[in-house]
Amino acid sequence: MCAAQIIINGEKGKRTLFVLPAVLFVVSLVVFPLVFGLYISFTDWNLASQTGARPNGWDNLRQMWGDAFYWNALRNMVFYVLAVSVEYVIAFGLALLLNAQIRARKFFRVIFLLPLMLSPVAVSWMIGKSMLEVRFGPLARLARSLGWDSPSFFGSPEMARFMIMVMDAWTFIPFMMIMLLAGLQALPREVLEAAEVDGASGWQRFKEVIFPLMLPVSVTAIIIRIIFKLKLADIIINVTSGGPGGATDSVTSFIFREYRDRSNVGYGTLLAMVYLILIILFITALLKIVSRWMERPA
Amino acid sequence: MTQIFQNHASDGQQKTKWLASRIAIYGALILWAFICFFPIYWTLTTSFKLAPDVMRGNMVPFWDFTPKWKGWQSLGLSPDQLGEVSTVREEFLKRFWNSAIVAVSASTLAVILGYFAA
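Sequence order for the protein chains is R and E.
Just so we're aligned: 81 in the numbering used here is position 81 of the first sequence, and the numbers increase by one with no gaps anywhere.
Just so we're aligned: 65 in the numbering used here is position 65 of the second sequence, and the numbers increase by one with no gaps anywhere.
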């Protein structure tokens, strides 16, 4: 068949042939699961039921509409995504520090990149389960010596959410930092020198030259980070599994528990599909806004 | 670069300013390096602690606790066990092998498919 393709269609046939493996791969691993997922999201498939998947019309959607925990998880995602702005500021600061004239730059760069090399599961055990342990963890001891008598990091909803954000930030700030650092090192040197010769102060140089020149890199870093953030699940599953009362739940971890604890495949898939649509809408809107904002007359 | 800075700092005021900025930069660097490194240090030292050491919150090996291979022994990874056959260790190392296989094969597959499609 392959040879026939080339003989019949010539150069064009050859081109089709080379694309074929990738197309087959994408169709079997992306398109088919998507279509199949769409089908089972409108069934009542529960792994525990004996009947298997039975289409049940709009029931799942109606259930989602009334599911307070799903909306709660979506609201939590807003907090988590907003935390990216703080991470960005810290990461930019660190990138500037690493870009300054310092000794032992390589040493600091390696140390700063360490958190990124650990898997989030390891991070959640190292920090969430070990260091934030209420009785013996070093951070609990520190909190006690600072006057917080009975520290509990995952007791109150706000505190728990904050701690999840901190752990996630700890893991992924290096990622943003390294992107911004690459951007800083690619800045045209002449412009910076010109600014210095013109007598711009450090703050002016940052505000008028470095920051505007870094905008494209910043936007890329932030958007990739937001996409990472929308997938945030492993730390939450391992440390709080959504508690207390769903306050730390991300949508992904909620869907995961829908599968694992309630083996509710049909409903869980519907939630995942809705989340996918929301993400696509959100990211598209974000990209539109950002590109319009960057093309605005200065 | 430092020399250029020192030439600029001809009067004392500018020199103190330069010194202050240096201290701030290195202070921030060391602070963040500590934040990045401490959890890893904590995990590593805890792996050599016995339960009472963990509960007392001891932190510096040889100073406030004596490192013990107890934790590593349960994985068959302590030095005195390395010569022996250990099923636990094999089970444990198998996970590393699995990760390696997945990582290598996934990236190879991605490269091959992407190469043809590009």
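Simulated from the structure, these hints should not be mistaken for laboratory data.
Mixed in with the good hints there might be a few duds.
[What the hints assert, rightly or not] Per label pair, the in silico range of CB-to-CB distance: (1) I227(R) x V88(E): 35 to 43 Å; (2) S105(E) x R15(R): 24 to 32 Å; (3) I30(E) x I280(R): 55 to 63 Å.
The C-beta atom is built at its ideal place from N, Cα and C for all residues, glycine as well.
> What hints, given by number in increasing order, does this structure fail?
Replying inline: 3
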